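Quick mapping for you: the protein sequence lines, in order, are chains X and Y.
Residue numbers for the first sequence follow my numbering, so the first one is 1 and each next one is one higher.
Residue numbers for the second sequence follow my numbering, so the first one is 1 and each next one is one higher.
Note that these hints are calculated values from the structure, not bench results.
Note that the structure is predicted; figures quoted are calculated from it, not measured.
Just so it is clear, CB atoms sit at the ideal spot from N, CA and C, and this is done for glycine as well.
Keep in mind that the hints are not guaranteed to be accurate.
Claimed, not checked - To give a feel for the contact side, a few chain Y residues facing chain X, derived at Cβ under 7 Å: (1) His33; (2) Thr34; (3) Val41; (4) Cys43; (5) Trp45; (6) Leu46; (7) Trp71; (8) Ile148.
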Amino acid sequence: MPDLITPANLSHLHLLINHFPTVGLIIAFLLLVVSIVSDADAANDNTMKPTALGVLFGIAVVTLPVFTTGLAAEGAIEKLPGISQQAMSAHEDSALLAFIVLELAGLTAWLGLWRWRRTRRVPPSLTFITFVLAALSLGLMTVAANIGGAIRHPEILGDPKTEVARSMFSVSSAGVAFFVNGPGHQWVWPALESAHFVGMTLWFGVLLLANLRLMGWFTGIPYPALHRLLPWALLGFGVNEISGMMFYLATPKGYTTNVMFYWKLLFLLLAAADLLYLTVWPAAWKTETGTVTHLRERAIGAFALVSFVAVMYCGRMLPFLGNSF
Amino acid sequence: MLQLITALHDSAFSTWLREAETVWAFPTVLTIHTFGMMLLVGCAWLVDLRLLGVARTIPIGPLRPLFRIMWFAFWINLATGILLFIADPERKSTSLLFGFKLLLIIINLPLLKRLERVIYRESPEPVAVATGTRQLAAASAMLWAGTIFAGRLLGYM
């Protein structure tokens, strides 16, 4: 595995998976639009809207490794001739704003899904907010992708010495780094670490009980009752995504060159997939008091819990295995 | 006392825990301690949230095995906590923050015991959670949060 984590490969990986928040987001957005337009005569069993929301949530999650491989790619190519340093920094900052808005769209999409599972209906207000955020993030992502293309494409840029305009639609990642690590801010990192542990514990607790129920324990509890706890897992996820991104933006090289970080991202995607599974899985929803569950749910639950512990393990080992910090 | 701490610090085991160039010493003990924390506080918060009125449709009776998980995790963390102390006795024994963390746990353990006793006194299923029980749950949940903060900050003292 360490041989896979080379600067060239990471740069390649960034170019591969950046299609999720660009091309993928267009598809998710169109799905959402069609589901809204066709909603007038939608029957109760119409699953188009939850599908669109699920795809949007998935893309929001996958965009996390897209962003984090971006700085690895920067490290890989920044010393090459003909690279526009300025374009890279402008790309990063506009991508950060696009990422933040997309994560908010993912949040409202998840809330819509959660409500749909309970009532078979997505509240119109949530659909509207998700639509607006998805449209905004699509526009911002287009700006970010456009600047990204200028980093190493002289045929697009024309004269490589041409200064790339900085988009006004951006968030300064250097500003975030200063907030976390700047002089006089010594308290920020430890405080964020504490919040990171609180978020992890909250997410794990909910995941543990929900999966244990689907694995056949706690049979006295109907699963739909546990479903009400899921927003607390998402809250933990949110706290950890924000604090985690702040660590990452403050010291990107401590992560991008560490193999444990990539394992952590991989297991994190699996844990997020489990959250989606717990939110919408039909067999889970039909698990009432005393319902015996199937081997399939037991296997998924065991796999999900191992994945979550692996996220913690890889994160905890960042300073010890690999070369971070 | 001070001599005892110094002797502990200089013991072969303490030195090995602290300085061994292997992931199986300090890093592994610390990771197991984190796992125990996640298990203990994760389950405790589930019970506390339910008692505070979140997800009221969850029956309280069947949640009882969570307390067994909590105590299991507590013993893991007592053991790994002692090992972490042995690895760094000089700084831990003089740290106010470490004392504060211990204090929070010492206050919280009887609360946890009491919570279990109070909830499961009226079998099979309490209709409404009494105000006193809710206050107990809120206090215990906050103390756990404080313990996590204090414990995490110990790494930066």
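Status of the hints after comparison with the structure:
Hint on His33(Y) is violated. Least Cβ distance to chain X is approximately 9 Å, over the 7 Å limit. Interface hint status for Thr34(Y): upheld, as the beta-carbon distance to the closest one in chain X is roughly 5 Å, under 7 Å. For Val41(Y), the suggested interface contact is upheld, since its CB lies about 5 Å from the closest CB of chain X, less than 7 Å. Among the interface hints, the one on Cys43(Y) holds; its C-beta lies about 6 Å from the nearest C-beta in chain X, closer than the 7 Å criterion.
With a least beta-carbon distance of about 5 Å to chain X, the hint placing Trp45(Y) at the interface is held under the 7 Å criterion. Interface restraint check for Leu46(Y): the shortest CB-CB distance to chain X comes to about 5 Å, inside 7 Å, so the restraint holds. At a threshold of 7 Å, the smallest CB-CB gap from Trp71(Y) to chain X is about 15 Å, leaving the interface hint violated. Because the beta carbon of Ile148(Y) sits about 5 Å from the nearest beta carbon in chain X, less than 7 Å, this interface hint is met.
In summary, the structure is inconsistent with hints 1 and 7 from the numbered list given earlier, while agreeing with the others.
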